[in-house]
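Undergrad: These are the residues of each chain, in order.
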Amino acid sequence: MALSITRGGSSEGSNPGGSIELAKATAIMERYTTWNANEALIPMLQEIQHEYGYIPDVLTALISEQFDIPLTQIYGVATFYSDFRALEQPEHRILLCEGLACYVCGSQQLHRAVKDKLGIDYGEATPDNKFILERANFCFGACQLMPMVEIDHTFYGNVTPEKLVELIDQTAQGGGHSSHE
Amino acid sequence: MADGIKVTIDDIDVTVPKGTFLIQAAKSAGIYISNFCAHPDMRPFGACRMCTVGVVSKWGLGFDIACATECKDGMVAFTENSNEEVREVKKFIMESLLVDHPLDCPICPASGACDLQNATWHYGMTENRMAREKQWFEQDYLSPAILIKRDRCVVCGQCVRVCDELIGAHALAFVNRGIATYIDSAWGSDLTKSPCTSCGMCVEVCPVGCLMHVQYENNGLQWTMKRTPTTCNYCAVGCQMNFEAEVNTGLIEKVTFHEGTGVNDARSCVKGRYGYQYINSRDRLVSPLLRKDNQFVEISWNEAYSILNSRLSQYKGDQFGAIASGKITNEENYLLQKLTRGLQQSNNIDSPIRFTQAASVVALQDQLGISAMTNTIQDLKDYAGCYFITGADLDATAPVMAYLLQETIQRRKVATIVVNPRRVVFSDRATLWLQIRPGTDAALYNGLAHIILNENLHASGFIDAKVEGLAEWQASLAEWTPERTSQVTGIAVDLLFEAARTYAQGGAGGKRDETSGLFGPSAIIYGTGVTQWSNGVDNVHALANLALLTGNLGREGAGLNGVRDSANDQGAADQGCLPDYLPGYVPVSSPEGRAALETHWFGHANNRIPAAPGLTYMDQFKAAEQGQLKMMYIVGENPLLAGSDLQQVQRGLEKLDFLVVQDLFMTETARFADLILPASGHAEKDGTFTNTERRVSRIRKAVASPGFARPDWKILADLLERAGSPAVYKKPSDIMEEISRVNRYYGGVRYEKLDRGRGYETYKPGLVYNRMAPMRMERAGLQWPVSADGAQEDGTAILFSAGFPTASGKARFVAATSAVRDLPGADELILCVGRTSWGNDRTGGMSRRNYVLDAIDPEPELELSLGDMVRWGLSQGDIVRVSSARGALEIKVKATVNQPDGLGYMPWMFREAPGAALTSTVTDPRTGTPEFKYTPVKLERLRASVSGILQAGAGLIPEMVEGPGGTATAVR
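Each protein sequence line maps, in turn, to chains A and B.
Each residue of the first sequence is one higher than the last, beginning at 1 in my numbering.
Each residue of the second sequence is one higher than the last, beginning at 1 in my numbering.
No lab work stands behind these hints, which were simulated from the structure alone.
Watch out, some of these pointers could steer you wrong.
[Said to hold, decoys possible] Far from chain A, by Cβ distances over 12 Å, these chain B residues were calculated:
1) 196
2) 428
3) 814
[Claimed, not checked] Here chain A is said to cover these stretches of chain B; the calculated rule only asks that three of the stretch's residues, wherever they fall, bring their Cβ under 8 Å from a Cβ of chain A:
4) 185 to 192
5) 300 to 310
[As the list claims (entries may be wrong)] Derived Cβ-Cβ restraints for the label pairs, each shown as a range:
6) 81(B) - 103(A): 24 to 30 Å
7) 885(B) - 84(A): 54 to 60 Å
8) 87(B) - 27(A): 38 to 44 Å
9) 118(B) - 108(A): 47 to 53 Å
10) 174(A) - 876(B): 26 to 32 Å
11) 57(B) - 27(A): 53 to 59 Å
All of these numbers come straight from a predicted model, not from anything done at the bench.
By construction, the Cβ of each residue, glycine as well, lies at the ideal position given by its N, Cα and C atoms.
Turn these sequences into a full structure, and let the hints steer you where they fit.
TA: Have a look at this one:
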């Protein structure tokens with residue numbers, strides 16, 4: 001049975017053209033065709049998230065058709081894990097840890113530094129859609145290097161506000177990795 | 001149960017079958033364990049923990065959930081009734097659930113039938129240690145049928161699971177995780193754009209008022225309802241359901257379905273659940289209407305009867321014709337037949353089965369001795385090893401049967417072969433989908449038989465004992481080598497081999513049973529895709545040959561199952577509403593049969609019944625046009641949409657001297673009538689329906705008829721009485737009493753017996769998904785043949801288990817020929833007519849009076865492949881003119897990926913674009929069934945649709961078109 005795809009209201013805003021390059025996704029799916037469909041689902045979603053920065057609904061419908069997994073199940077999995085995103089993400093993601101160790105050793109100052117530098121608070125993105133600031137919802141497990149910052153999957157320890165500003169500048173100039181590379 | 005397991009619950013000893021869960025064991029011990037997420041048909045889920053019980057182990061009393069704890073021999077368990085600790089645990093769970101639940105019972109439609117409400121009352125939840133400010137959600141419309149108020153949710157997951165496991169639609173999802181979990185469709189889309197079938201089962205299983213039917217949202221309070229158990233009158237599955245009528249208003253407010261009640265076991269489809277609104281409709285006919293000076297005027301019943309009486313005596317014999325219906329009861333069909341044969345001395349009576357399964361009647365009556373479906377749906381569900389589903393889109397024609405079968409396919413991995421040129425829903429569930437070239441069915445079945453014989457997979461023992469004519473038939477198969485079959489049907493040779501082996505072995509790789517010499521059971525299930533052909537009889541013969549060849553008749557999980565179309569199509573045929581058969585399929589040509597019937601009716605044989613077969617459905621209209629047939633009596637049927645050659649029907653209706661139409665509504669046909677009699681609806685009378693499985697089950701009166709409408713049986717009985725018939729019928733059971741004497745298959749059918757369920761064993765999911773535990777289920781009705789006493793007293797679930805009731809006592813192989821059809825021209829398309837959606841039923845007289853069904857299937861659409869869309873330069877929603885050699889109509893097009901190029905598919909009976917105005921006039925000479933599935937047509941693009949909705953009557957009546965000088969009326 002043909003699936004009809006409807007775009008969620010909010011995802012339309014972030015992707016006004018609504019067009020997605022399918023070639024990368026089909027290449028990913030190609031690699032999993034011999035897998036058990038249920039086992040392939042999560043790694044496939046991870047790769048798609050990595051490639052596109054989020055999980056576009058069209059691609060879940062494609063997976064559903066090709067691997068014969070109900071669309072609802074894919075949607076359930078994609079929303080169950082907080083790592084998967086349904087909306088297009090800004091280019092770079094800054095994660096601040098506010099765990100006990102980091103908190104006592106100045107994550108507040110780091111927060112303020114980002115606020116001053118980029119004008120964004122937790123959960124907000126810069127108007128040019130370059131940076132997003134988020135509070136890490138888990139401990140990085142490196143409390144001896146407090147306070148910790150993660151920018152685009154790279155971890156930085158003993159970060160001072162000055163160093164963070166420097167890191168942000170570097171990232172903006174293309175020195176860092178893109179958040180979904 | 002031989003291998004019973006003994007458990008003690010609250011000091012009550014109970015013995016249960018192996019694989020039973022504690023919750024079911026407690027139920028059989030008469031103890032109710034409150035729960036939210038347990039369902040007897042679904043895998044245990046353990047989400048709500050509400051069924052916590054104490055189980056004694058060597059370490060003392062431990063807590064376990066009864067829904068997922070399998071009974072072990074000697075197990076001792078305590079529920080809250082006898083154990084304070086268990087009660088405390090359950091109270092804590094209740095507190096947790098009530099943290100966010102709004103307790104807005106006074107405005108909740110589930111109030112009075114809510115598990116949470118009951119539990120809150122039961123545990124006296126007056127305070128909550130975890131109280132905080134409650135979350136609150138707006139209600140959200142998931143589709144035109146279903147809405148959700150998420151703050152009432154207890155996240156039991158029954159809705160998601162019922163959709164996955166029992167319906168197979170996979171339309172609902174758990175979104176997010178932990179406390180943030182909620183229920184939604186994938187990506188929050190409208191459910192009608194998902195695989196949702198709007199069956200409403202998610203709402204039915206919701207233990208609280210979270211999911212709601214839009215239609216029932218404000219429909220009265222639970223405790224003001226009067227419940228009447230009855231049988232559904234849409235499709236031929238014959239689901240057992242309850243009408244819930246509000247006592248003070250006298251209106252039917254909702255329909256409910258009950259677990260454990262035969263046939264459907266609480267499953268429902270969208271039509272059964274929502275499609276009752278026509279009963280309360282304001283445009284019901286409420287008084288007899290007589291045509292006077294081309295106007296309908298209301299008259300009294302007395303007047304109507306005397307007019308009708310004089311007309312009936314005026315037009316006897318060949319001048320009279322009658323058409324019965326699959327929507328009226330057995331009793332009414334029988335009386336109409338009696339009126340036609342006994343009073344009018346004519347055999348001109350037919351029913352709409354002519355267009356669907358007449359080929360089965362003709363072919364199987366001769367070949368096997370009985371023409372009905374051989375097995376039952378529950379039996380196919382529990383025992384079949386392979387389904388061979390051909391020419392049927394079960395999800396559209398018999399949805400609940402489709403749900404039950406897909407459930408088994410999921411659980412037992414039943415090998416499924418689907419033969420269909422279209423990718424129907426079942427194709428996706430199938431292990432093998434044979435995309436056959438339209439019209440080559442007989443060739444395919446012959447080719448499969450050829451392979452089975454060559455590979456020595458046939459049941460020689462069975463054939464030697466019970467079947468004759470193998471040698472001659474085998475000779476006729478010689479030409480159907482796999483290569484030639486492949487060439488004709490367009491199916492690859494290796495797929496033919498796989499299908500033949502799978503079918504013959506009762507699932508791939510099945511082993512032959514040493515003692516019986518048979519493989520596991522395989523069931524053939526077929527629909528109108530097999531019968532609506534000029535060689536429909538051959539197609540059925542070829543299918544029956546396959547079943548005989550493999551010994552798949554007369555045993556569990558096998559058989560030859562032709563699925564009927566309407567609720568009582570089977571019953572209408574059983575009661576002799578066929579021009580060539582008397583009640584009980586006695587041929588009219590048989591002098592003894594006629595004499596016996598006359599003796600029953602008049603006390604002696606008086607040669608009133610003619611020996612020659614009467615006119616079929618369409619032949620009656622032909623005779624009417626030629627002036628031989630002068631009066632027609634049409635009950636519950638609308639030939640002007642439901643016939644085959646609609647132009648012919650109209651010409652016939654115009655020429656009739658006197659037309660009587662007995663119906664609920666002013667139908668298209670009724671507009672031609674001279675006398676219209678208002679009939680009572682399905683909820684307003686008593687009677688019986690016979691479903692596709694030969695199951696006779698009761699329909700019961702739930703509400704009063706509107707105005708002066710009368711039940712059909714009452715009208716017919718009054719007419720017979722006025723005409724001097726000796727029999728007097730005071731109530732429908734009197735008629736059934738007569739049927740049971742007249743009809744050899746209905747021998748022991750009595751209302752009191754139908755009301756008394758006996759029960760039978762079925763299987764429900766055990767600890768793991770594919771392990772099943774036997775469970776008892778209430779029997780619904782009786783399956784004919786029934787006898788008053790003896791072996792068949794309780795009916796016959798499986799036909800032919802004691803041999804074939806033919807003259808020779810053996811079944812017969814019959815050579816089946818494949819028809820050769822003209823290929824479509826270069827600019828033509830093959831038009832196939834059938835059911836396209838689960839939302840519409842026949843002419844829509846009932847289904848289109850309900851907004852849910854109308855929203856699902858609002859208008860007819862011609863489905864075309866993407867290739868054909870490009871070929872004719874069309875885009876979705878364009879209006880095209882479709883013209884055949886016989887007529888033309890306008891219809892909207894819809895692109896689909898489910899069809900091959902060169903095939904167009906459209907619904908049959910929409911009044912906006914009735915397919916039968918176009919279809920080929922070629923019929924099967926043996927049955928008169930038209931070739932609905934093959935009409936070469938031309939397409940012409942007219943315009944894009946502006947409003948999005950096709951105008952009523954487009955193409956058939958004067959229409960509004962855009963012209964250069966503004967809007968003008970154009971007359972074709």
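Undergrad: All hints, please: hold or fail.
TA: Status of each hint after checking the structure:
With a closest Cβ-Cβ approach of about 10 Å to chain A, residue 196(B) is found to fall inside the 12 Å limit, against its non-interface label. Against chain A, the non-interface label of residue 428(B) is violated: not every CB pair exceeds 12 Å, the least being about 6 Å. Look at residue 814(B): its CB is around 37 Å from the nearest CB on chain A, clear of 12 Å, so calling it non-interface holds up. With 6 residues bearing a CB less than 8 Å from a CB of chain A, the region 185 to 192 of chain B meets the requirement of three and the coverage assertion stands.
Closer than 8 Å: that is the beta-carbon criterion, and the region 300 to 310 of chain B has 0 residues meeting it against chain A, so the requirement of 3 is violated. At roughly 51 Å, the beta carbons of residue 81(B) and residue 103(A) sit outside the given window of 24 to 30 Å. Distance hint check for residue 885(B) and residue 84(A): the Cβ-Cβ separation is about 57 Å, which falls inside the suggested range of 54 to 60 Å. Between residue 87(B) and residue 27(A) the Cβ separation comes to about 59 Å, which falls outside the hinted range of 38 to 44 Å.
For the pair residue 118(B) and residue 108(A), the beta carbons lie near 51 Å from each other, so the given range of 47 to 53 Å is met. One distance hint, 26 to 32 Å for the beta-carbon pair residue 174(A) and residue 876(B), is violated here, with the actual separation near 45 Å. Taking the beta carbon of each, residue 57(B) and residue 27(A) are about 54 Å apart, inside 53 to 59 Å as hinted.
Of the numbered hints listed earlier, those contradicted by the structure are 1, 2, 5, 6, 8 and 10.
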